[in-house]
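Guided by the hints, dock chain B onto chain A, whose structure is given.
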Amino acid sequence: MPPSIEPTAAVNAIETSATYGAGVADLFSDYPFGRAWDEMFSSSGVTRPAYDAVVAAVQSLDADELRARAEGLARSFLDRGVTFDVGGVESPFPTDLIPRIIEAAEWEVVARGVAQRVRALEAFLTDVYGDRRVVEDGLVPHRVLITSKYFERHAYGIEPPNGVRIHVAGIDLIRDEQGKFRVLEDNVRIPSGVSYVLENRRATMQALPELFAGVRARTVSDYPAKLLQALRKAAPRGVTDPTIVLLTPGSYNAAYFEHTLLARTMGVELVEGRDLVCSNNTVRMRTTSGERRVDVIYRRVDDAFLDPVHFIPNSVLGCPGLLTAARAGNVTIANAVGNGVADDKLLYTYVPDFVRYYLNEEPLIDNVDTFRLEEPEHLAEVIDRLDELVLKPVDGSGGKGIVIGPQAGRDELDELRAKVLADPRGWIAQQVVHLSTVPTVIGDKIAPRHVDLRPFAVNDGDDVWVLPGGLTRVALPEGSLVVNSSQGGGSKDTLVLDAPRSYPTFAASADGENLDRPVEDVADTRMTAQVSMRSPDPGPMAMQDQQQQQQQR
Amino acid sequence: MLSRIAESLFWIGRYIERADDTARILDIYLQQILEDASVEEEACRTLFDVMGRAMPSDGGRVGVREVLQQLAYDRQAPSSITGALSAARVNARSARDSVSSEMWEALNLTFLDLSEQRRRAERVGAHRFFQWVRERTSLANGVADSTMSRDESWLFLDLGRSIERVDMTARLITTRAAGATSGPAWTTLLRACGANEAYLRTYRGRVSDRTAAEFLLLDRLFPRSMFFALSRAEDRVGVLDRGGEGRVGTEDAARRLLGRARTGLEFRGVDEMLSDLPGYLESIQSACADATSAIGTRYFPHAVIQWVGKGA
Chain A
1 MPPSIEPTAA
11 VNAIETSATY
21 GAGVADLFSD
31 YPFGRAWDEM
41 FSSSGVTRPA
51 YDAVVAAVQS
61 LDADELRARA
71 EGLARSFLDR
81 GVTFDVGGVE
91 SPFPTDLIPR
101 IIEAAEWEVV
111 ARGVAQRVRA
121 LEAFLTDVYG
131 DRRVVEDGLV
141 PHRVLITSKY
151 FERHAYGIEP
161 PNGVRIHVAG
171 IDLIRDEQGK
181 FRVLEDNVRI
191 PSGVSYVLEN
201 RRATMQALPE
211 LFAGVRARTV
221 SDYPAKLLQA
231 LRKAAPRGVT
241 DPTIVLLTPG
251 SYNAAYFEHT
261 LLARTMGVEL
271 VEGRDLVCSN
281 NTVRMRTTSG
291 ERRVDVIYRR
301 VDDAFLDPVH
311 FIPNSVLGCP
321 GLLTAARAGN
331 VTIANAVGNG
341 VADDKLLYTY
351 VPDFVRYYLN
361 EEPLIDNVDT
371 FRLEEPEHLA
381 EVIDRLDELV
391 LKPVDGSGGK
401 GIVIGPQAGR
411 DELDELRAKV
421 LADPRGWIAQ
431 QVVHLSTVPT
441 VIGDKIAPRH
451 VDLRPFAVND
461 GDDVWVLPGG
471 LTRVALPEGS
481 LVVNSSQGGG
491 SKDTLVLDAP
501 RSYPTFAASA
511 DGENLDRPVE
521 DVADTRMTAQ
531 VSMRSPDPGP
541 MAMQDQQQQQ
551 QQR
Chain B
1 MLSRIAESLF
11 WIGRYIERAD
21 DTARILDIYL
31 QQILEDASVE
41 EEACRTLFDV
51 MGRAMPSDGG
61 RVGVREVLQQ
71 LAYDRQAPSS
81 ITGALSAARV
91 NARSARDSVS
101 SEMWEALNLT
111 FLDLSEQRRR
121 AERVGAHRFF
131 QWVRERTSLA
141 NGVADSTMSR
151 DESWLFLDLG
161 RSIERVDMTA
171 RLITTRAAGA
181 TSGPAWTTLL
191 RACGANEAYL
201 RTYRGRVSDR
211 TAAEFLLLDR
221 LFPRSMFFAL
231 SRAEDRVGVL
241 DRGGEGRVGT
251 EDAARRLLGR
261 ARTGLEFRGV
271 DEMLSDLPGY
281 LESIQSACAD
291 ATSAIGTRYF
301 PHAVIQWVGK
311 GA
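Chains A and B, in that order, give the protein sequences.
Heads up, the first sequence is in this note's numbering, so the first residue is 1 and it goes up one at a time.
Heads up, the second sequence is in this note's numbering, so the first residue is 1 and it goes up one at a time.
Chain A extracted, bound-state conformation (with noise of 0.2 Å):
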């Protein structure tokens, strides 16, 4: 791949200062234009309205300032303990200054594709593991299904109380050089990265509390109460206030702090495998008051480890006998055993066909174009143009194992042609997109780095609620298109602009007088209580004071 950006689109220093000011000329100087759709700006110098507010935010900064905000924002991240871990080593998860804005119309559609596409994909999960009426159909070929990796025979029978197998999704979207949103991958087992999202917000609004003076954005912070209801909905039947636990692996696991975050927010039990026990067909979790019976397992553990009985047989992250007081419905377990059949990458390319088949709706946001290896045709094709297409492992997660082909060396490739040929079933080619570029702070410069977008669903089997935002995850190394946080990636606060409120209102005025004006934002003219407390008993100093005023008289 040429890079994707082009030294010669640099920016005018000069035309810069003449629209933004000195300082902003120094920041944003010779910040490059390349082939992807930049979300900040719409030509040098020119920035999209979404983004005023950074502007104006960033502009009040030098060089100094900045580097002295960002380290600030890095080190509230170490002392708070939000980590992960790689290879056994905690390390802070590298968040941007600099947010990314999504308008609200922008975001309304991204929300309600993301909502169809968990539709979509929950109505299949029933269907694979039920009538499978879509083989019938003639829509998925059954070898397909029965070949992917995490397709599980153990998931029949395994009936989910409300219906919900997708309790929690993160569809994982990027945007292409014309900007439009585009699903990539879907995660249906067990996605993470929300913590970051409700993390990141903390954060930047504590280390960019200019910018949230002049934005309106929409709150992050209920999803745990959103999960929770979810999780809560989810319970077996008949019971009506159920017990919830979180499953984790353990404190060494890469998300282990998402799962602390998550467990302390939603106010439930944090359980490792060890603390569960199974018996007559029930899910128990010793306490120091006894055994006390488990309803719901929010599990943070993947399938293969989740019941040795069943899976890995010497796993100790997960509990024997687990899956039986499922299978027996004494116990939901969220998200669904055998989910991964649905995240599958070569069933991702059939997913605009779920969207039409079971919902009978048009997708809103589209796949990236994909070749599926398994047709001949498509195979021929992409085994010639290798160089130019980015190969993935269907299995794969975390960015492990894909090869971008035009930054493949030939021996990388004539590796990669080979386990293509002998495996073509586990393989998925695509088009290579530039995803978006985002300004990032870089030293004390602020460049373009490539983002994607990873929204959040919770299904509670009413409603798909999509969390405003996502975790916006960014390539740090210059050009780079992995934003995988275990291949350098970083992330950066996701703000959706909230939408003007269209409807007017009406309020007092303070003095008393009841003028009949509609009012722009209600938040601002809410009626504050009469409220005359004492103030705070002054103790005895005073008297003391009184007593010293006397006796220098």
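Any given hint could be a false lead.
Which chain A residues face chain B? A few, computed with CB under 7 Å, are given here [as the list claims (entries may be wrong)]: (1) S251; (2) R264; (3) E269; (4) D275; (5) R286; (6) T288.
To be clear, the hints were calculated from the coordinates, so they are not data collected in a lab.
Each residue gets a CB set at the ideal place from its N, CA and C atoms; glycine is no exception.
What follows is chain B alone, placed relative to chain A:
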């Protein structure tokens, strides 16, 4: 609450207290050595004995350097200050959902700052390190006091803290009982516990070794006296065992052990104790150890892996 979490909280309490008390003990010893360098070797050997640590095995000189290395800066041993603070943080991390965020941050920041503080201590003297440790542990205790509900999690934390305080106070007093010549004076021990002023206020002119010992061992009101800490531990075990009061005696083993130790203190005069202080302190220490294992058996039953599949 989960047994595993309860155990973590119990040990967080113990480790914080341990770091605090070890810093206090080392601090007075090192000051002692500073005043009279001739006692260095003997004092350091006593210190290793009192803290229950094996002497460095190479048979060479034992001095301040070895003491600091092993009892203050050793990262691995849970009985060194650094080791205890790291272990407190590891436990807090695995009980992250039950420990308040402020408490976690206090412990995490302490941990992250350890190496920097050590470097600083090597420049300006170990006393600053001990002072810093006392400040950080006070902060952690204070934050726990003001941000944790007084539920079981609190009880386990406070129980661990109290038991450790009994154990460490026993060690502190042993430094006096064991090292007859090199050990610190009673007033130095009082100062190490921050008890000197309270003691002087209580006893006015009657300052003597006997009254000092009485104060540290038996005072009902001073929070670092052995009696106070032991009564508190007994009380916490009692609350945890609520409803355990039957018609006959006490069922709970930990409660029996701590109660017996407490009555042994309460109903024995200071003179009787001083006649065999080391033996007496040792019996209190073993009561604490037995109580700890009784608490473990009852509240933290360890998960036994009950299933081993064919492939295992």
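Unmet hints by their number, sorted upward, for this structure: Violated: none.
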